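Build the full structure now, drawing on both the sequences and the hints.
Heads up: the sequence lines are chains A and B, in that order.
Just remember that our numbering sits 2 ahead of the position in the first sequence, which is counted from 1.
Just remember that our numbering sits 8 ahead of the position in the second sequence, which is counted from 1.
Simulated from the structure, these hints should not be mistaken for laboratory data.
Just so you know, these numbers come straight off a predicted model, no measurement behind them.
Possibly wrong hints are sitting among the right ones.
Computed cross-link-like contacts, DSSO-like style, restricted to lysine-lysine with a CA-CA straight-line distance of at most 30 angstroms [what the hints assert, rightly or not]: (1) A:K54 <-> B:K79; (2) A:K46 <-> A:K69; (3) A:K99 <-> B:K25; (4) A:K54 <-> A:K38; (5) A:K11 <-> A:K21; (6) A:K43 <-> A:K69; (7) A:K21 <-> A:K99; (8) A:K21 <-> B:K65; (9) B:K79 <-> A:K99; (10) A:K73 <-> A:K99; (11) B:K79 <-> A:K43; (12) A:K69 <-> A:K38; (13) A:K38 <-> A:K73; (14) A:K43 <-> B:K9; (15) A:K54 <-> A:K21; (16) B:K65 <-> A:K11; (17) B:K65 <-> A:K38; (18) B:K79 <-> A:K38.
To list a few chain A residues with every Cβ distance to chain B over 12 angstroms, as calculated [unchecked claim]: (19) M17; (20) N19; (21) N28; (22) I47; (23) S50; (24) N52; (25) S67; (26) N77; (27) G86; (28) V90; (29) A94; (30) K99; (31) Q107; (32) G112.
Example chain A residues on the side facing chain B (calculated, C-beta under 10 angstroms, incomplete) [unchecked claim]: (33) K42; (34) V62; (35) N64; (36) A89; (37) F92; (38) E104; (39) D105.
Even for Gly, the Cβ is constructed at its ideal location relative to N, Cα and C.
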Amino acid sequence: DTAVSQTPKYLVTQMGNDKSIKCEQNLGHDTMYWYKQDSKKFLKIMFSYNNKELIINETVPNRFSPKSPDKAHLNLHINSLELGDSAVYFCASSLSKIAGGEDEQYFGPGTRLTVT
Amino acid sequence: KNQVEQSPQSLIILEGKNCTLQCNYTVSPFSNLRWYKQDTGRGPVSLTIMTFSENTKSNGRYTATLDADTKQSSLHITASQLSDSASYICVVSAGLRGSYIPTFGRGTSLIVHP
Numbered sequence: 003d004t005a006v007s008q009t010p011k012y013l014v015t016q017m018g019n020d021k022s023i024k025c026e027q028n029l030g031h032d033t034m035y036w037y038k039q040d041s042k043k044f045l046k047i048m049f050s051y052n053n054k055e056l057i058i059n060e061t062v063p064n065r066f067s068p069k070s071p072d073k074a075h076l077n078l079h080i081n082s083l084e085l086g087d088s089a090v091y092f093c094a095s096s097l098s099k100i101a102g103g104e105d106e107q108y109f110g111p112g113t114r115l116t117v118t
Numbered sequence: 009k010n011q012v013e014q015s016p017q018s019l020i021i022l023e024g025k026n027c028t029l030q031c032n033y034t035v036s037p038f039s040n041l042r043w044y045k046q047d048t049g050r051g052p053v054s055l056t057i058m059t060f061s062e063n064t065k066s067n068g069r070y071t072a073t074l075d076a077d078t079k080q081s082s083l084h085i086t087a088s089q090l091s092d093s094a095s096y097i098c099v100v101s102a103g104l105r106g107s108y109i110p111t112f113g114r115g116t117s118l119i120v121h122p
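Listed below in structure tokens is the structure:
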């Protein structure tokens, strides 16, 4: 009965590779998010989708491409991985159609990406 | 530039004691302020959410305050427990372009000792 799930939990890959992280929520929420947490534990929003539509895109390199096949899924594809992409990536969801509004956001467990 | 500053950076207290964490922000236009608890190796969990018109909100032993005039918030933890050991993150959202863009603080690392 996991609310927000992500796969994989750990991902180790080499520079230049392309990888994807998957996220699914079973809460019936309309809005989903991707966040990046760097090595200093600093969180930053990357994207937000509402019902498959991109709402927030915060100065993220275009090597990162979110894809939302339906409102319960938001995947993150990363091309040409760089060392600086190493971080923990969190998926989250909220009920409201307004991204980042007053609704509670539920976070997934995170995917630790290590680029060597 | 929108910024959120938290203090202290880290805090060690004894079990059963109270503590207060601080958050100062320069975010405009202000929409809402959240406090999250993040255990090591896990995703953040929401503790409180406050809008401009709210100046206090409680969630069990956690009480958040907001002073929109001075742009300060605090999170007070009462009768601390070992399970309170975690990072506490203040997040302030600005209402922009039809959505709300969050700015995160760097968190306060709290350690509760028996």
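Hint numbers not upheld by this structure, sorted from lowest to highest: 1, 3, 8, 16, 22, 23, 24, 28, 29, 30, 31, 32, 34, 35 and 36
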